[in-house]
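*Asks:* I would like the entire structure built from these sequences, with the hints used as guidance.
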Amino acid sequence: MIGVLFDGIAYGSLLFLVSVGLSVTMGLMNFVNLAHGAFAMAGGFACAVAMNRFGMPFLATLPLAFVLGAAIGAMLERTLYRRLYRASHLDQVLFSIGLTFMAVAAATWAFGSSQQLVRLPDALRGQVRVAGVDFGIYRLFLVAMVAAITAVLGVLVARTRFGAQVRAAVDDAEAARGLGIDVDRIFAVTFALGSGLAALGGALGIEVLGLDPSFALKFLVYFLIVVVVGGAGTVRGPLIAALLLGVIDVAGKYYVPRAGAFAIYAAMVILLLVFPAGLYGRRA
Amino acid sequence: MRHSFHRLLLGAALAASAAAVFAQEPVKVGVIAPFSGPAAGFGKQIEGGMRAYLKLHGDTFAGRKIQLLIRDTGGPNPEVAKRLAQELVTRDKVDFLAGFGYTPEALAAAPIATEAKTPMIVMNAASSVVTTRSPYIARFSMTLPQVSAPMATWAWKSGVRKVYSLVTDFAPGIDSETSFKAAFTALGGQVIDAVRMPLRNPDYAPYVQRAKDAKPDALFIFVPAGQDAIAFMKAFEERGLAKEGIKPIGPGDLTDDYVLNSIGDPVVGVITTHHYSAAHDSPENKAFVAAFHEVAKDLGRPNFMGVGGYDGMAAIAEVVKRLGNSIDGDKAMEVLKNLKLVSPRGPIAIDPATRDIVQTVYVRRVEKRGGEYWNVEFDKFTDVKDPGK
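Note that the protein sequences, when read in sequence, are chains R and B.
If you count the first sequence from 1, position 261 lands on 261 in the working numbering, and the numbers rise without skipping.
If you count the second sequence from 1, position 301 lands on 301 in the working numbering, and the numbers rise without skipping.
Treat the hints loosely; a few may be bogus.
To be verified - Below, simulated EDC-like cross-link-like pairs (lysine to aspartate or glutamate); rule was C-alpha separation at most 16 Å, straight line:
1) B:K93 / B:D328
2) B:K243 / B:D265
3) R:K218 / B:D203
4) B:K380 / B:D265
5) B:K243 / R:D134
6) B:K215 / B:D193
7) B:K28 / B:E87
8) B:K93 / B:E25
9) B:K212 / R:D134
It is worth saying that the hints were derived from the structure and are not from the lab.
*Replies:* Structure, rendered in structure tokens:
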């Protein structure tokens with residue numbers, strides 16, 4: 001029972017890690033960025049290549065993945081994304097899904113279509129036994145990562161000057177500009193942050209989700225479920241949603257394996273019926 | 001001036017090639033399989049196997065050159081497979097259809113083979129039903145019941161009494177589970193639970209945990225080769241089932257040679273039954289593996305799909321040798337039905353009644369030798385037919 005709960009929380013943590021970047025771009029910036037998976041994939045490949053070709057240790061590749069994802073994000077924001085801030089959501093969807101297909105093709109060309117593998121350091125492998133219950137070490141690590149990222153993001157958005165500027169710029173760009181806030185720069189930095197988080201999630205996810213060029217599309221549904229159920233625009237919403245969905249998914253698969261695969265979708269339907277704007281939705 | 005010179009050159013080239021065509025028509029083989037997308041390895045292995053055969057035995061038989069027309073379905077894609085088969089038959093006038101990575105692709109193309117009376121050489125698609133869908137199909141790969149049922153016999157012999165079964169919920173997984181279960185319970189064994197996991201499944205941990213808590217003697221596993229096999233074995237290792245004395249067993253998809261080295265340590269000690277291992281010890285296999293390395297440098301070693309491509313190509317060559325210029329569907333099928341070959345996997349034959357393959361199924365254990373991982377054969381069942389029919 002405790003084991004199942006822990007597995008669920010760990011799985012939810014993973015869902016959160018790969019989705020939180022989307023919550024930043026889609027929620028804070030109100031941009032429907034379906035290319036989120038492509039940024040996650042870029043981080044994954046950065047991690048795999050750095051480890052397998054250059055022999056970097058796994059933990060050292062994580063900041064690298066974040067920085068690389070943020071750099072690619074910033075570059076694309078300056079050249080492409082900024083043109084579509086005022087466009088309709090349909091245009092944003094078409095643009096970003098097109099970008100995703102290009103990323104899939106580029107990754108296939110550069111790395112081939114087969115699975116990329118990373119070998120975790122021994123310290124993160126296997127299980128530890130605490131009070132008669134086995135805990136996967138890598139899963140504990142994921143939970144710790146989530147706690148750290150949530151804390152940092154929470155402080156960043158709610159407590160810092162930068163966070164206040166982001167919120168102001170998103171709510172009313174004109175007024176924010178009038179107050180002397182450099183809205184362009186704020187958006188660029190926020191987008192880079194979201195992309196970097198996506199890339200970090202991609203790197204952390206390889207061990208469980210695997211990594212090949214179809215990654216960008218394969219898990220898009222999960223990213224969207226987490227952000228939609230959680231309510232875009234907050235960090236807390238997707239966190240609660242991811243943990244809840246993770247626990248429901250794992251418990252469903254463990255206790256009723258014959259129907260367990262549907263648990264996550266059933267939970268989504270019910271949660272959205274009860275909270276149409278998401279658990280912490282700001283916009284109706 | 002320059003223009004007319006080009007035209008002259010083109011005319012000469014056309015005349016030369018036309019003369020060559022009239023001398024001896026090539027034998028056209030349309031190869032339908034996934035060559036892009038996540039399952040690109042299927043097609044590449046099959047093509048690599050076919051080209052390895054042509055490398056070893058020459059590409060001309062009875063004076064006719066073999067010409068491969070490679071067509072990509074882009075993944076499990078029955079509609080595309082059907083359209084490609086149609087184009088190959090009507091426009092390119094192929095003598096053989098070949099390839100077929102997935103069962104649904106083979107099933108979709110079968111009616112076209114029947115209508116056009118074109119022999120269809122199946123090199124992978126492994127559900128039992130495939131060969132029943134057209135009298136022009138002959139299979140040179142395997143069927144899942146054929147490689148799963150012998151596992152029951154071996155498990156019983158080695159003292160396994162209680163088995164927990166975990167398979168992916170699609171035709172090959174279900175084939176595999178039902179044939180193993182039937183054979184194992186017939187021997188007196190007990191399958192304490194048989195769970196089917198969804199095809200798109202990001203996390204195997206809960207299923208593996210439940211299997212561990214049920215405390216069976218062995219865990220029977222079928223998941224598709226590739227990413228799923230890797231993810232499953234990672235979960236298996238992480239949950240420490242081996243430490244509880246639970247033996248991982250199943251058909252060889254789990255320890256596919258193509259991905260075996262990528263899975264690494266978690267897969268050591270897994271026991272599988274299958275018809276081909278790249279480590280098979282025979283002169284035919286050594287020659288095959290060496291030729292495969294030359295024609296498909298980036299693929300690593302051949303797997304069971306590679307050997308399916310090789311043997312399918314061998315069968316086509318055999319038909320061309322015997323019939324020469326007068327190949328037609330019915331005569332070709334007569335040759336195929338009674339074919340016996342010495343394959344890199346060992347002796348194989350086609351069952352004239354079902355046009356399905358009869359072959360040796362080996363019991364193998366994954367071992368690490370010289371920094372690489374291999375399926376090492378240590379027991380075998382000879383002349384196994386498909387028990388699914």
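*Asks:* Taking the hints in turn, state whether each one holds.
*Replies:* Here is what the structure says about each hint:
Under the criterion of a C-alpha separation no larger than 16 Å, the hint pairing K93 of chain B with D328 of chain B is consistent with the structure, at around 12 Å. Note on K243 of chain B and D265 of chain B: the hinted pairing holds, with a Cα-Cα distance of about 14 Å set against a maximum of 16 Å. As the CA atoms of K218 of chain R and D203 of chain B are separated by approximately 13 Å, the hinted pair is consistent with the 16 Å bound. At roughly 25 Å between alpha-carbon atoms, K380 of chain B and D265 of chain B are farther apart than 16 Å, so this suggested pair is violated.
Under the criterion of a C-alpha separation no larger than 16 Å, the hint pairing K243 of chain B with D134 of chain R is consistent with the structure, at around 13 Å. Under the criterion of a C-alpha separation no larger than 16 Å, the hint pairing K215 of chain B with D193 of chain B is consistent with the structure, at around 11 Å. Straight-line distance between C-alpha atoms of K28 of chain B and E87 of chain B comes to about 13 Å, which keeps the hinted pair within the 16 Å bound. A C-alpha spacing of about 12 Å is found between K93 of chain B and E25 of chain B, which places the hinted pair at or below 16 Å, so the restraint holds.
Pair hint K212 of chain B plus D134 of chain R holds up; C-alpha atoms about 12 Å apart against a cutoff of 16 Å.
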